[in-house]
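S.K.: Sequence:
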Amino acid sequence: MKNFLKNWGVLILVLAAILLARIFVFTPVTVNGHSMDPTLSDGQRLISSKISKYERFDIITTKEPEDEERMIVKRIIGMPGDTVKMVNDQLTINGKEYDESYLDEYKEKFANDKLQNEYSYNESFQIQAENSTNFTSNFEYTVPKGNYLVLGDNRLISKDSRIFGLVDEKLVQGKVVFRYWPLTEISLIS
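Numbering (numbering that gives the first Met the number 0), first residue to last: 0 to 189.
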């Protein structure tokens, strides 16, 4: 037994630590779809931290309120207690206007060609783009305690709080902290 522990003890401890970290600290996640373009792309693989504190504009993983079997990746826009308003693509939270610079690339593409080439594979996206005059629809929400308002960065096609409503904090699975695939795009997510 002493020889077994001497030879295999460290390996067993390392494997146990990895397993416990996987259960209680982090979760690997794969991006499905284009709702977080251009920040995160379809097929990218991420690490989501289960122990991080959530702040406005963090990217999180959550169960979709309408289908809790489905895991989604979205950006927190409204925190509990916030009044969030979007009018003519201007985000206002609690009376303060916010610049969403992470959307600039797609707003420019949308203004130029409404992303027809990128989403022409899906007729409903194409029709939505052709009939839209704004990158995002106008809305106003007051976020109650224990909930978050989440949006995808690609507001043109994202199924988010504008469609399924606010996300209960119990559905949130973690904060996206790291992108590990593809290897050419390894980075921390802030």
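Since the hints were derived computationally from the structure, they do not count as laboratory data. Every value quoted in this text rests on a predicted model; they were computed, and no experiment measured them. Hints are supplied without guarantee of correctness; some may be wrong.
Straight-line distance between alpha carbons at most 25 Å, and here's what the computed DSS-like set of lysine-lysine pairs gives [said to hold, decoys possible]:
{"hint": "1", "residue 1": "Lys62", "residue 2": "Lys49"}
{"hint": "2", "residue 1": "Lys158", "residue 2": "Lys169"}
{"hint": "3", "residue 1": "Lys174", "residue 2": "Lys158"}
{"hint": "4", "residue 1": "Lys106", "residue 2": "Lys95"}
{"hint": "5", "residue 1": "Lys84", "residue 2": "Lys49"}
{"hint": "6", "residue 1": "Lys84", "residue 2": "Lys95"}
{"hint": "7", "residue 1": "Lys158", "residue 2": "Lys144"}
{"hint": "8", "residue 1": "Lys158", "residue 2": "Lys49"}
{"hint": "9", "residue 1": "Lys62", "residue 2": "Lys174"}
The calculated label-pair distances, taken between Cβ atoms and stated as ranges, are [to be verified]:
{"hint": "10", "residue 1": "Leu12", "residue 2": "Glu65", "range": "38 to 44 Å"}
{"hint": "11", "residue 1": "Lys144", "residue 2": "Asn31", "range": "26 to 32 Å"}
{"hint": "12", "residue 1": "Lys52", "residue 2": "Leu18", "range": "23 to 29 Å"}
C-beta atoms are modelled at their ideal positions from N, C-alpha and C, and glycine is treated no differently.
S.K.: None of the hints should be skipped; say for each whether it holds.
M.R.: Structure-based check of each hint:
1. Lys62 - Lys49: Holds - the C-alpha atoms of Lys49 and Lys62 are around 13 Å apart, at most 25 Å.
2. Lys158 - Lys169: holds (19 Å)
3. Lys174 - Lys158: holds (19 Å)
4. Lys106 - Lys95: holds (21 Å)
5. Lys84 - Lys49: violated (29 Å)
6. Lys84 - Lys95: holds (10 Å)
7. Lys158 - Lys144: holds (22 Å)
8. Lys158 - Lys49: holds (23 Å)
9. Lys62 - Lys174: Distance of about 13 Å is within 25 Å: holds.
10. Leu12 - Glu65: 38 to 44 Å: Holds, at about 42 Å.
11. Lys144 - Asn31: 26 to 32 Å: holds (30 Å)
12. Lys52 - Leu18: 23 to 29 Å: holds (24 Å)
Hint 5 from the earlier list is the only one contradicted by this structure; the remaining hints agree with it.
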